[in-house]
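Protein chains: 2
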Amino acid sequence: MTFMAKEILILITNDDGIYAPGILHLKHALKSLGTVIVVAPLVEKSAVGHAITLSDPLRVMEVERDGTFFGYAVNGTPSDCVKLGSRCILKRKPDLVVSGINQGPNTATNIIYSGTVSAAAEGAIMGIPSIAVSIASFTKKEFGFAAKFTRQLAQLVLQKGLPAGTLLNVNVPAVPENEIKGVVVTRQGKGRYEEAFDKRIDPNNRVYYWLTGKRMILDHGDDIDDPVVMQNKISITPIHYDLTDYSFLEELKTWHLPNP
Amino acid sequence: MTFMAKEILILITNDDGIYAPGILHLKHALKSLGTVIVVAPLVEKSAVGHAITLSDPLRVMEVERDGTFFGYAVNGTPSDCVKLGSRCILKRKPDLVVSGINQGPNTATNIIYSGTVSAAAEGAIMGIPSIAVSIASFTKKEFGFAAKFTRQLAQLVLQKGLPAGTLLNVNVPAVPENEIKGVVVTRQGKGRYEEAFDKRIDPNNRVYYWLTGKRMILDHGDDIDDPVVMQNKISITPIHYDLTDYSFLEELKTWHLPNP
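As you go down the protein sequences, you meet chains E and A in turn.
Just so we're aligned: 52 in the working numbering is position 52 of the first sequence, and the numbers increase by one with no gaps anywhere.
Just so we're aligned: 217 in the working numbering is position 217 of the second sequence, and the numbers increase by one with no gaps anywhere.
Everything hinted at is true.
Chain copies aren't distinguished; within one or between two, either way the pair holds.
Result set (BS3-like, lysine-lysine): computed pairs, CA atoms no more than 30 Å apart in a straight line:
1) K199 with K27
2) K253 with K27
3) K141 with K214
4) K214 with K91
5) K93 with K214
6) K233 with K148
7) K199 with K93
8) K31 with K253
9) K253 with K190
10) K91 with K199
11) K253 with K233
12) K93 with K253
13) K199 with K6
14) K190 with K93
15) K181 with K253
16) K253 with K148
17) K148 with K181
18) K253 with K160
It should be emphasised that the hints constitute simulated quantities derived from the structure, not laboratory data.
Please build the complete structure, drawing on both the sequences and the hints.
Here it is in structure tokens:
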């Protein structure tokens, strides 16, 4: 048995909630790499983006799964979990944040709504190497290979580190290992939801709306997230949060802006 | 009186809620440019990021201010307001989305949490020229000049358009017009909140936490949002949602990624 001068500390979270199947697979897969602490939303928090909880107090609950201690549930968002986990629940800042495994792809423009990606972004902004992992199906429970791949990738990230502020957004096809065709470093596509609203009348004769929509894949190309996943390849996109549109910045300087 | 073949249609929203002072100033300032429709959250929705409401029905209420019809309140987030406003409340897609005027700066890394900026992002993603406006004080109610400047900028944007997917993030110093020192096209800074949690015990002896923190301005430079605003200049940052970290992408390709 080797003596480890410093134990590796990994914080796991998600946006499907602490009782979701994906986070169970993730915890089991990563436990051979170090101490794995789960801090995840008590209930599903999909499509919350970078929401953080300012106007309500946060509470932490210890949660069991399969009769043993599984992790800490927070009555907040995935971003809250990473902040509160790193600052208050773990004894020190973790060496790695892994968010997932999300049920459903997090690709293209839609990642801005993703709690899974936002949690990893929170880690990246705190200077912690961070990974967001999703399987590209809303229904198929094919977490097994994604979990195994995440362990291999996490090991590499622990060795090599990531630039401060940058995370890896990983989308794994929801198929068994023998159907996976490879792994590609990609850029984020331009696809988005074409949303619609389902207008209904409640029993009290009042109008209400449900947000609904259709995923539009607008990209073609062997280096873009959605098309890569559709070829049964794993997509890894390095993302950061400098949102400046540098290509338009120079043109904007030539505008005759109102000048007080 | 000139005949307008097509009336300009402007959607206004915010994240401070439909009863906030900033949105009142904004509506008054923009009404000379066309038909202005307010669709805003019923209650304050700060720090919600790009959150959208999938698990609850949305409702729309007509709201009066000063005894006359002011706009439509939605029981959702700023992003919901832009989606629902554009698709269901307005007769057609608006020509411009303006979000604000926010009480408090939206600069640097912190814009990822901003409902104000996210609402404008929603517009930009739908292909509508969009502007987010904030005044750089959490307390001073200096909306007058910011509203006037926004009208001038909005007029320019209506004339020239913006690239699809790009919005303008505007931060105005919270001072009277005669103290404003100019206007600068900027890039997004790297400043962020250094968060902390205030741990307390409730009357039932249970622990709870309040998220708190300190704004850290980490940037220096005459072309970065925070330092520009601190010089009493208006900052205009063009932002978009291609989050790909292109500078790291090539390096990541050289990694020996696990390859199934």
